[in-house]
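Asks: Protein chains in written order, with my numbering: chain A, 117 to 359; chain B, 213 to 676.
Since the hints were made in silico from the structure, they are not lab data.
Some clues are possibly wrong.
The calculated lysine-lysine pairs, modelled on DSS-like cross-linking and capped at a C-alpha distance of 25 angstroms, are [what the hints assert, rightly or not]:
1. B:Lys-270 <-> A:Lys-297
2. B:Lys-614 <-> A:Lys-297
3. B:Lys-602 <-> B:Lys-635
4. B:Lys-389 <-> A:Lys-340
5. A:Lys-205 <-> B:Lys-642
6. B:Lys-643 <-> A:Lys-340
7. B:Lys-602 <-> A:Lys-297
8. A:Lys-297 <-> B:Lys-635
9. B:Lys-226 <-> A:Lys-205
10. A:Lys-205 <-> B:Lys-610
11. B:Lys-643 <-> B:Lys-230
12. A:Lys-297 <-> B:Lys-642
13. B:Lys-417 <-> A:Lys-297
14. A:Lys-297 <-> B:Lys-230
15. A:Lys-205 <-> B:Lys-635
16. A:Lys-136 <-> B:Lys-635
A short list of chain A residues far from chain B (calculated; beta carbon distances all over 10 angstroms) [stated by the list, open to error]:
17. Asp-128
18. Val-139
19. Tyr-243
20. Ala-303
21. Thr-316
22. Thr-355
The beta carbon of each residue, even a glycine, is placed where N, CA and C say it ideally should be.
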Amino acid sequence: MRVALFITCVNDTLFPGTGKAVVSLLRRLGCEVDFPAAQTCCGQMHVNTGYRAEGVRLARHFTEVFAGYDAVVAPSGSCAAMVREQYPKLARPGSKGAAAIAEVAPRVHELSEFLIDVLKVEDVGAYFPHRVTYHPTCHSLRGLRLGDRPARLLRNVRGLELVPLPGAEECCGFGGTFAVKNPAVSAAMGADKTRNIMDTGAEVLCAADNSCLMHIGGTLSRQKTGVRTMHLAEILASTEESQ
Amino acid sequence: MSATFLGMPGNFPKNSQKAVQDSQLRYNLRKATHTIRGKRASVVGELPDWAELRAAGKAIKDHTLRNLDRYLVQLERAVQDAGGTVHWARDAAEANRIVTALVKATGEREVVKVKSMATQEIELNQALAAEGITAYETDLAELIVQLGDDFPSHILVPAIHRNRSEIREIFLEKMPKTPEGLTDDPPALAEAARLHLRERFLRSKVAISGANFMVAETGTLVVLESEGNGRMCLTLPETLISVVGIEKLLPAWRDLEVFLQLLPRSSTGERMNPYTSMWTGAVEGQDFHLVLLDNGRTGVLADEVGRQALRCIRCSACLNVCPVYERAGGHAYGSVYPGPIGAILTPQLRGMGSELDASLPYASSLCGACYDVCPVAIDIPEVLVDLRAKAPHAAAEKAGMKVAGWILDDHRRLAAAQRIAAKVRGLVPKKRLPGPMSAWTDTRDVPEIPEESFRDWWERNERA
Ligand code: SF4
Numbered sequence: 117m118r119v120a121l122f123i124t125c126v127n128d129t130l131f132p133g134t135g136k137a138v139v140s141l142l143r144r145l146g147c148e149v150d151f152p153a154a155q156t157c158c159g160q161m162h163v164n165t166g167y168r169a170e171g172v173r174l175a176r177h178f179t180e181v182f183a184g185y186d187a188v189v190a191p192s193g194s195c196a197a198m199v200r201e202q203y204p205k206l207a208r209p210g211s212k213g214a215a216a217i218a219e220v221a222p223r224v225h226e227l228s229e230f231l232i233d234v235l236k237v238e239d240v241g242a243y244f245p246h247r248v249t250y251h252p253t254c255h256s257l258r259g260l261r262l263g264d265r266p267a268r269l270l271r272n273v274r275g276l277e278l279v280p281l282p283g284a285e286e287c288c289g290f291g292g293t294f295a296v297k298n299p300a301v302s303a304a305m306g307a308d309k310t311r312n313i314m315d316t317g318a319e320v321l322c323a324a325d326n327s328c329l330m331h332i333g334g335t336l337s338r339q340k341t342g343v344r345t346m347h348l349a350e351i352l353a354s355t356e357e358s359q
Numbered sequence: 213m214s215a216t217f218l219g220m221p222g223n224f225p226k227n228s229q230k231a232v233q234d235s236q237l238r239y240n241l242r243k244a245t246h247t248i249r250g251k252r253a254s255v256v257g258e259l260p261d262w263a264e265l266r267a268a269g270k271a272i273k274d275h276t277l278r279n280l281d282r283y284l285v286q287l288e289r290a291v292q293d294a295g296g297t298v299h300w301a302r303d304a305a306e307a308n309r310i311v312t313a314l315v316k317a318t319g320e321r322e323v324v325k326v327k328s329m330a331t332q333e334i335e336l337n338q339a340l341a342a343e344g345i346t347a348y349e350t351d352l353a354e355l356i357v358q359l360g361d362d363f364p365s366h367i368l369v370p371a372i373h374r375n376r377s378e379i380r381e382i383f384l385e386k387m388p389k390t391p392e393g394l395t396d397d398p399p400a401l402a403e404a405a406r407l408h409l410r411e412r413f414l415r416s417k418v419a420i421s422g423a424n425f426m427v428a429e430t431g432t433l434v435v436l437e438s439e440g441n442g443r444m445c446l447t448l449p450e451t452l453i454s455v456v457g458i459e460k461l462l463p464a465w466r467d468l469e470v471f472l473q474l475l476p477r478s479s480t481g482e483r484m485n486p487y488t489s490m491w492t493g494a495v496e497g498q499d500f501h502l503v504l505l506d507n508g509r510t511g512v513l514a515d516e517v518g519r520q521a522l523r524c525i526r527c528s529a530c531l532n533v534c535p536v537y538e539r540a541g542g543h544a545y546g547s548v549y550p551g552p553i554g555a556i557l558t559p560q561l562r563g564m565g566s567e568l569d570a571s572l573p574y575a576s577s578l579c580g581a582c583y584d585v586c587p588v589a590i591d592i593p594e595v596l597v598d599l600r601a602k603a604p605h606a607a608a609e610k611a612g613m614k615v616a617g618w619i620l621d622d623h624r625r626l627a628a629a630q631r632i633a634a635k636v637r638g639l640v641p642k643k644r645l646p647g648p649m650s651a652w653t654d655t656r657d658v659p660e661i662p663e664e665s666f667r668d669w670w671e672r673n674e675r676a
């Protein structure tokens with residue numbers, strides 16, 4: 117299967133390791149992957165902060181870049197939710213833009229959705245001998261309704277011990293520009309999240325969104341907790357040889 | 213009398229910062245919201261048809277809002293036919309004028325009140341006080357707020373920010389004839405309030421209420437409550453004045469079937485509320501006035517995205533699940549409508565002219581918990597995002613977002629920016645970013661900027 121990668125601007129710029137992990141994971145599972153070079157950003161930050169015109173321009177660019185692919189895979193729950201849930205609200209019903217969105221949006225999948233729903237694999241042959249806890253992230257949970265897909269994938273990773281995270285469904289406090297517009301509340305939410313993570317005794321916090329992980333990881337690091345953050349793709353890409 | 217909400221200074225980030233630092237407040241809020249959230253979840257879980265009920269609630273409300281003019285006229289006629297008098301109030305000032313005149317006409321100087329958001333919204337108690345009329349709140353939590361000279365901080369539990377020892381102090385200090393040796397045991401506190409209130413009920417000739425629902429078909433008003441104070445207010449006095457927002461309408465009697473299931477389960481986490489009072493027009497020996505309040509609602513109705521906020525039945529479920537409300541507390545929103553619903557309703561009703569009102573659409577991380585829990589399926593995140601597009605933006609932010617947009621418009625610009633970032637990566641401080649980004653580094657480290665972006669890595673490995 118030929119798959120277009122939507123790596124997302126945050127991953128591309130700050131977390132290239134996640135993109136590389138997606139490439140090696142999907143190749144290991146027999147996919148042919150392509151990275152359409154003209155891609156930039158889904159426009160989520162602009163739309164959600166109130167800059168709709170810029171956001172709409174980025175959405176249009178996205179639909180042009182990814183038109184014609186059978187499947188688009190993004191290692192980000194919130195960017196996939198942006199395209200699937202919010203794009204349809206950006207275009208006038210019946211317009212050309214709306215048609216383009218209706219074409220592309222249903223083909224965009226978050227990584228765990230793509231693995232389980234499209235490729236129909238739950239065991240990706242990974243090996244990661246560590247104690248891991250999983251934070252579901254709001255847009256994966258309530259936007260995409262990923263449910264237990266990520267957990268199913270993680271449970272099949274050899275050596276991995278998955279421990280439940282108390283208060284998992286609560287927002288970590290990132291919220292895009294919310295983190296800098298409402299820093300006090302954001303930090304309080306982050307602190308509660310990291311306390312729950314510490315309570316699990318996990319070595320690694322895993323999620324399907326690097327933006328949330330950047331916020332939680334930044335808090336964990338400031339508090340010198342020693343807990344690492346890792347994107348789901350990175351754990352799933354790990355093998356005995358890569359350890 | 214409690215101070216006024218209108219024109220409250222500050223903005224949400226500043227107001228909430230204070231609350232976040234108040235550990236007692238945070239503890240009170242967390243405990244209360246988590247308890248009620250758990251109760252709600254379990255009683256909602258009991259109903260196999262909750263999703264259908266929720267869809268029905270949404271559909272009935274939407275239908276009513278689309279035909280609001282027609283149903284309001286029908287309601288007016290039904291209330292009049294049943295011996296009541298209907299008044300129309302365009303805004304808060306007009307509503308207050310009407311109510312004040314009605315009370316004055318009775319010759320009374322005291323009124324008892326059933327907890328009502330609409331009268332809070334128009335600040336009726338203050339308007340009455342200015343005319344020498346004292347309004348006594350009879351809901352326990354409202355009483356605590358009123359005696360404490362405080363603001364309500366929750367729709368259902370206005371004194372949620374107070375714990376029982378604080379309530380005991382307020383009673384001892386401000387409530388006449390408080391029993392000596394009052395403990396902070398909840399039943400003891402409730403009993404003290406009951407004794408105090410009973411006297412008021414028996415003395416009062418005028419009562420003021422709101423309503424949870426109005427039925428157009430019959431002209432019936434409905435109040436749901438837990439303490440019985442409402443029933444006392446609604447039945448004992450000679451004159452009853454109800455101030456109700458025009459959106460509280462339901463077309464028909466049978467629509468109540470849906471909402472009497474949705475509301476108690478969502479708000480108090482009970483299968484049914486202890487007291488449901490219904491009245492149609494004026495009963496014998498009682499004078500009944502209905503004041504229909506617009507106060508910005510028609511404007512909200514005109515907004516395609518924002519109008520869904522008028523479906524709200526004020527259950528407060530969205531407050532109890534909101535992680536921002538839980539930390540910021542109700543006062544930070546500077547309005548009688550706090551939490552997620554307040555963040556979308558207040559800026560629509562009041563406009564975004566003040567710094568506070570303009571900050572409200574940003575008082576959310578868009579986590580979506582409020583939408584999931586809302587019994588009438590108001591897509592609060594959608595309305596928040598829509599309001600943000602209409603909110604005023606600071607010049608510096610606008611410039612920054614423009615630049616970011618320009619870079620992201622073209623992948624070559626993005627790649628160039630990434631290479632520059634990689635070059636200066638050693639210079640980016642992990643612990644202290646300059647300017648507005650310092651809000652990030654106050655509590656969080658900055659991730660390391662990589663030597664090479666993903667796209668450059670791909671280019672080097674795949675296209676070579
Ligand atoms: S918005 Fe929904 S959840 Fe919030 S108070 Fe209104 S009806 Fe209840």
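Asks: The structure should be examined with respect to each hint, and the outcome stated for every one.
Replies: Hints, one by one, checked against the model:
{"no.": "1", "hint": "B:Lys-270 <-> A:Lys-297", "in the structure": "32 angstroms, violated"}
{"no.": "2", "hint": "B:Lys-614 <-> A:Lys-297", "in the structure": "18 angstroms, holds"}
{"no.": "3", "hint": "B:Lys-602 <-> B:Lys-635", "in the structure": "38 angstroms, violated"}
{"no.": "4", "hint": "B:Lys-389 <-> A:Lys-340", "in the structure": "55 angstroms, violated"}
{"no.": "5", "hint": "A:Lys-205 <-> B:Lys-642", "in the structure": "38 angstroms, violated"}
{"no.": "6", "hint": "B:Lys-643 <-> A:Lys-340", "in the structure": "13 angstroms, holds"}
{"no.": "7", "hint": "B:Lys-602 <-> A:Lys-297", "in the structure": "17 angstroms, holds"}
{"no.": "8", "hint": "A:Lys-297 <-> B:Lys-635", "in the structure": "29 angstroms, violated"}
{"no.": "9", "hint": "B:Lys-226 <-> A:Lys-205", "in the structure": "32 angstroms, violated"}
{"no.": "10", "hint": "A:Lys-205 <-> B:Lys-610", "in the structure": "23 angstroms, holds"}
{"no.": "11", "hint": "B:Lys-643 <-> B:Lys-230", "in the structure": "24 angstroms, holds"}
{"no.": "12", "hint": "A:Lys-297 <-> B:Lys-642", "in the structure": "20 angstroms, holds"}
{"no.": "13", "hint": "B:Lys-417 <-> A:Lys-297", "in the structure": "50 angstroms, violated"}
{"no.": "14", "hint": "A:Lys-297 <-> B:Lys-230", "in the structure": "15 angstroms, holds"}
{"no.": "15", "hint": "A:Lys-205 <-> B:Lys-635", "in the structure": "39 angstroms, violated"}
{"no.": "16", "hint": "A:Lys-136 <-> B:Lys-635", "in the structure": "21 angstroms, holds"}
{"no.": "17", "hint": "Asp-128", "in the structure": "4 angstroms, violated"}
{"no.": "18", "hint": "Val-139", "in the structure": "8 angstroms, violated"}
{"no.": "19", "hint": "Tyr-243", "in the structure": "24 angstroms, holds"}
{"no.": "20", "hint": "Ala-303", "in the structure": "4 angstroms, violated"}
{"no.": "21", "hint": "Thr-316", "in the structure": "19 angstroms, holds"}
{"no.": "22", "hint": "Thr-355", "in the structure": "19 angstroms, holds"}
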